[in-house]
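Go ahead and model the full structure; you've got the sequences and the hints to work with.
If you read the sequences in order, they're chains Z and U. Per the numbering used here, the first sequence starts with residue 31, numbered consecutively. Per the numbering used here, the second sequence starts with residue 12, numbered consecutively.
In silico negatives: residues of chain U with every beta carbon more than 10 Å from chain Z:
| hint | residue |
| --- | --- |
| 1 | Y84 |
| 2 | A104 |
| 3 | I106 |
| 4 | Q169 |
| 5 | S173 |
| 6 | P179 |
| 7 | R206 |
| 8 | V209 |
| 9 | L228 |
| 10 | S232 |
| 11 | S309 |
| 12 | R311 |
With a Cα cut of at most 30 Å, we get these calculated BS3-like pairs of lysine-lysine:
| hint | chain 1 | residue 1 | chain 2 | residue 2 |
| --- | --- | --- | --- | --- |
| 13 | U | K310 | U | K92 |
| 14 | U | K79 | U | K92 |
| 15 | U | K119 | Z | K225 |
| 16 | U | K32 | Z | K225 |
| 17 | Z | K44 | U | K119 |
| 18 | U | K32 | Z | K136 |
Covered stretches of chain U (chain Z as the covering partner; in silico rule of three or more C-beta atoms under 8 Å from a C-beta of chain Z):
| hint | segment |
| --- | --- |
| 19 | 111-117 |
| 20 | 132-139 |
| 21 | 146-156 |
| 22 | 268-278 |
It should be emphasised that the hints constitute simulated quantities derived from the structure, not laboratory data. Yeah, the Cβ is synthetic: ideal placement off N, Cα and C, and Gly gets one too.
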Amino acid sequence: MSTAPGSSRRLMLKGSRAVISLAIALAFLFPLYIAFITSMDTAAHVFVYPPHLTPDFNFHPYVRVWHMGRWMMYFRNTVFIAFTTIAIALATSVLAAYALSFFQFKGRNVVFMLVLLVLMVPSEALLIPNYVILHEMNLLNTLWAQILPFGGSVYGVFLLRQFFLSMPEAYWDAARIDGASHLRFLWSIALPQAKSVLFTIALYIFIGSWNSFQWPLIVTVSHNVQPLEVEVSRLMLAHSVDWRRLSAAGIMTTMPLVILFLFIQRHIIRGVSRGEGINE
Amino acid sequence: MPNLSAVPRTARARSRHDVLKAVLFLLPMFAFLLIFTYLPAGVSLVLGFFHYHLLGVNTTFGGLSDFKEALTYSVFWTALKNTLLYALYMIPATIILAVAIAVLIDQKSRYYAMIRTFVLLPYITPVIATSIGWLWMFNPQYGILNAVLQALHLPTSQWLLSPTMAMPSVALYTLWHGLGFNVVIVLSALANIPRQVVEAAAIDGASAWTRFRQITLPLLSPTLLFLVIVTTIATLQAFSQVYALSGGQGGPEYATTTLLLLIYQTGFQYFHFSYAASMAILLVLLILGLTLVQNWISKRWVFYQ
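Structure (structure tokens):
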């Protein structure tokens, strides 16, 4: 067959593409794997050269690191901060987006521009003044200091407004004829349809909040209001040679996000494809 | 006639009624924006020009003295140089690698969907927690990176302990963490390129490289501009990874002191607030300036469909 050389060449191209792609994927997983192995090393197996690549399945470092800090408390703080931020940011952006799409009033676009203006203000310009403001409000070193500054989500308003504007106006007209108020319409008709948008916004706030480090580092000093990342950084500075326990702490705090990601990666990939970064 | 009230009101009547409600709906959002964005944006300017102290000492007007102090402080210039050099490594590396990987894995199958998932995975991991594994990989004595280099008979490195290699090492970590974001964006841009154009060129006998250079790349250029701007902003704001990989110090010998780390140290370790605020303003101006320059350059070569 005359097509044989061409098709075998194509097959080889296909094969090498698959192999190189796999190598790249493994390279991205490798640093997590190294931490995983190190977290399970036996004491004699850490400082060996060359490094080994198979886990010892020794869970002792996890037990040890678990007893080194009040992990449940840091975990609770992290979850509380994330979920409260999500609740507040969703509430404020739903109301604002609704007003910007279902109410007719003069200057509606100006108001929307005022919201978008926030995107122009870089976060590092706000670092010190927000610290001063929280100081003046007596909120430094509290869980709220890590929640309230993120209570207004421009990104949330933007996405929800876009969604609400795409809803047929006839829905609202019909609801009003049935005597529904704006709040009633929002709650029982508009929001249920916006579920997937709400989920995307919540997801991004969750990841950003779980991974935030600089802000909690700045505004908190007491352990009992700090999130996981700050505790891990403290362990890093205090036990810089205890690789097994540090790695165990790293794996422990990374795993919840990795598991979450593997379950809902479709959502995340769709969000990223639209060019939405995660606020860190 | 009771059902008269059900007749839609005129737009004007509705608007008068709606204004009050609209204000109520907008109020919570604007309360947050006012307190935590508009107000602090103003305060940051004030802080730059006044000497502010947390503990009751009177605020005094300092004029440009804090800016002057920043501009004559040698560590500020070191931090500026580090930050710009870091951006210089990161921008081309990010764009080239993202395009290369995206073109490679731009295939419709479950296999490549899985590859894409793994490439994006590091992006959602916490920086401090995942930098631990990297610190261990960078370890000059026991780390895997030197072990691999040695196995390949290549010169080994001191990585984070070497003043010249420390910043590139941080860049390596950041590429690992953030490249997936860029790859996914390029993939979605590739999906929007009309297939017929590329196929027509192939029928006309254009080689794969020519098709890439003449068709794919120009059509990708708006996306690449977006990524250049996003990467520039992200690298100029580098903090967590530098903090984690240098033990919060920015060393060795200030080699990894970025502007934001210096601002953090000045403001929150030494509590020179006004000084830190004036450096923050300079950083903001730098970001703004670079974004404008990139926008201006882009008008010359970005191809819009």
